Amino acid sequence: MNLDFLRGRKESATDEDHRVDDIPEDAIFSVRGLQKYFDSGSGFLGESTPVRAVDGVSFDVREGETLGIVGESGCGKSTLAQTMIRLQEPTAGSVYWKGDQDVTGFDDARLKRWRREIQMMFQDPSSSFDPRMSIGDSITEPLRVQGLRESAHRREIAEDLLERVGMSAGHIDAYPHEFSGGQKQRIALARALAVNPDMIVADEPVSALDVSIQSEVLGLIDRLQEEFGLTMCIISHDLGVIREVCDRVAVMYLGEIVEIGPTEEVFTSTAHPYTKALVSSIPVPDPTQRGDGIELHGDVPDPSNPPTGCRFHTRCPAVVQPSELDLDQQTYVRLLQFTKRLTRGIVTEESVEGVRELLAEQQGIDPSDVPREDLVEELREEDDLPERTGSTRVDSALRDALAELADGNVAAAADELSLLATPCASEAPEAVDVGETDDHTASCLRLTSDYESVEAVELE
Amino acid sequence: MSTQTTPDATDAASRNDDVLLSVEDLVVQFDTDGGTVHAVDGVSFDVREGETLCIVGESGSGKTISCEAITRLFRSPPGFIRGGSVEFDGTDLTSCSDDRLKEYRGNRIAHVFQNPQGALNPVYTIGNQVREAVELHTDLEGSAIRDRVVDLLGEVGIPEPVTHLGDYPHELSGGMKQRVVIAMALAGEPDLLIADEPTTALDVTIQKQILDLLNDVQERHDMSVIFVTHDLGVVAQIADRVLVMYAGKVMERDDVFDLFESPEHPYTAALLDCLPGSGGLEGIPGDLPDPFNPPAGCRFAERCPAVTEECIEGDQPPEYPVGSDDHTVSCVHHAPDGDPGELDGVTGAIGGDES
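Protein sequence lines, in the order shown, are assigned to chains A and B.
First residue of the first sequence: 1, per my numbering; consecutive thereafter.
First residue of the second sequence: 1001, per my numbering; consecutive thereafter.
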């Protein structure tokens, strides 16, 4: 494919300042402390807490590798993808191209030129094409935008690209609706390749496809990556996809990277409790291995008000107990979650009243006549709280808390349980080196020498 | 369950003891401007009491339509059941009037769909929606209804159900919404729950929660479940038996353990090979056959690595028995006069050859 006209115009890697200090030699794309906040726009009296979609993310993508970014919906991975290539302007932080060019400082002209060095591929192959444009025109639109005016030349390139992605050049004049999802995703790949980019960022490139088509497209990505010497960054919620095609993987939770390292190592010597839970949630295609794995409770918390300390601690099965306590871990987690429900306004005075009314109906009496001890017992049962925890201090605190709750004093109930406070809520964990290789890090207090290791805790 | 109506249940006992639902030779077609879509083309299956049957297949396999045909949920026209029977507890549902069918929907056969957002009404609180289901499918009255609503929401794992009665669907996460939908499905204490891709729109950690929940409620209520999915990983986790569909036909059926150990149909083998982590990155080359004009012979022939002359003529091959009682395969190579040797390296080689 003759793309010389582009090469001459590509930026040489020597302008602007020299390589930024902590960026490794082989990094082609680096993100440092990237933040993207959205105004939630619904604040009372003009106050609004921003949604912290991406909150201080740093990583490098090395030349020729595929980096995967994995996480659940709402973890900020798509925002990260869009912000790092400046489809959205970051709130703070920097993005470096080839180690020395500050992308966040690019002016419009430079940004436009950069757009042919880095390309993006999206999840929904149907909405990423103009239905009124033939696929040949769609594929070469980036070339036209970048200044290739000869249409005959563009057509030649489109035909060549179609064949490279495993389609017939004869399809060039067809329209998007004539193709299946898998074919459209191939065409999207051809379009991304049209400007001969150095790197492609793909956001959920195969999520909308059937499994048989999924692995076909992944295979194609793999093959083209070698052929074109491409660097890839693939964003996906699907750990299977990530494991299949990525060299390294970054695991995101609520706007932060909690673990990053070589894919196989992250999957086999998993360090972070969240990654462990994610990996063990993948349904194993083997009916003889059923029902194992860690079940996470609840949902991803609200990113406009993320938990303090380690953001995962509200759902973490391995959350650290305060040094004075040594409860059974599951009991501790249950108690801690009850405390959270009190402080986060999920258990309220009204919900206690609701329970009181329910009891009154059952017993056929007036709500005000419901005996206090009955209400306490019902509340204990409702929240599945144990009578005995193995610690007399905790037992009595829990009794007092339930009594306060029965009287409608939610805040006082939460105060009674303050002895349960976890260090994870006050201390934000630093990324520490784990595993055998030197590029595997994870952020969890249990990985530091001050606390018992994750392995010492029964997670299931 | 006092509200259950059991018409013609008398002769049910005389049939195959534990079969709750028996679908025979079902044909469903959609008449469209472009022609007739052959969505389901002669599909048979049984669901036994208390078991989970997984119907697995990709888009266009007819798995969803097969399930919707049981209680005729699709719009008619354009959709028509053009053949076959759906016998539920002794009654052929295909010959029931719409009014009669309503006695089954929600009461004895409940559905849970992929998209919980679409199954809930955005302008009513979840308390009201579950209440509606309870009022419709039980004869509880007064405060007993509210108690039942709270119980149902508690059973499906909504924390502090009393507080959540006044929540609107948009205030809940996808996982929580699906729990509410399951609570509504359980309101009538159905004998059969049909769950169509109930976890596909959810994250893996939430998917795990919902699968565990479905397992629990199935055991507690001793229900039968038809679980429709494209994900063989999910199948392995929850199925008792599996039906593999492709382009409106059944390719293979088997007990789940046996199927994963020795898939005999080239399509099943190819699907397993596509699972991330199995090493295959080739996919299944080619596309689904034209649903307006399905080809002669085996529907999968065009994409099959073991295709022979015989495969592309006549009808879809009969379902030939292999090995265990439950295992049948619709493939000419498994015919009594066929040569299973033709499948060497096709069905055995999971994660096999390289590009």
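Calculated from the structure, these hints are not laboratory results.
Quick caveat: nothing in here was measured; it's all calculated off a predicted structure.
Treat each hint with caution, since some may be false.
Coverage of chain A stretches by chain B, computed from C-beta distances (three or more under 8 Å per stretch; other residues unrestricted) [as the list claims (entries may be wrong)]:
(1) 208 to 221
(2) 233 to 243
(3) 279 to 287
(4) 342 to 354
A virtual CB, placed ideally from N, CA and C, is assigned to each residue, including glycine.
- Message: Using a Cβ cutoff of 8 Å, are there at least 3 residues of the region 208 to 221 of chain A near chain B, or does the coverage claim fail?
- Response: holds (count 10)
Coverage criterion applied to the region 279 to 287 of chain A (partner chain B; beta-carbon cut 8 Å; 3 residues)
Answer holds; 7 residues pass the 8 Å Cβ test.
**Prompt:** Counting residues of the region 342 to 354 of chain A with a beta carbon closer than 8 Å to any beta carbon of chain B, are there 3 or more?
**Reply:** It holds, with 6 qualifying residues against the three required.
Self-check item: Annotated coverage of the region 233 to 243 of chain A by chain B, confirmed only when three residues or more have a Cβ within 8 Å
Solution: holds (count 6)
Every hint from the earlier list agrees with this structure, and none is contradicted.
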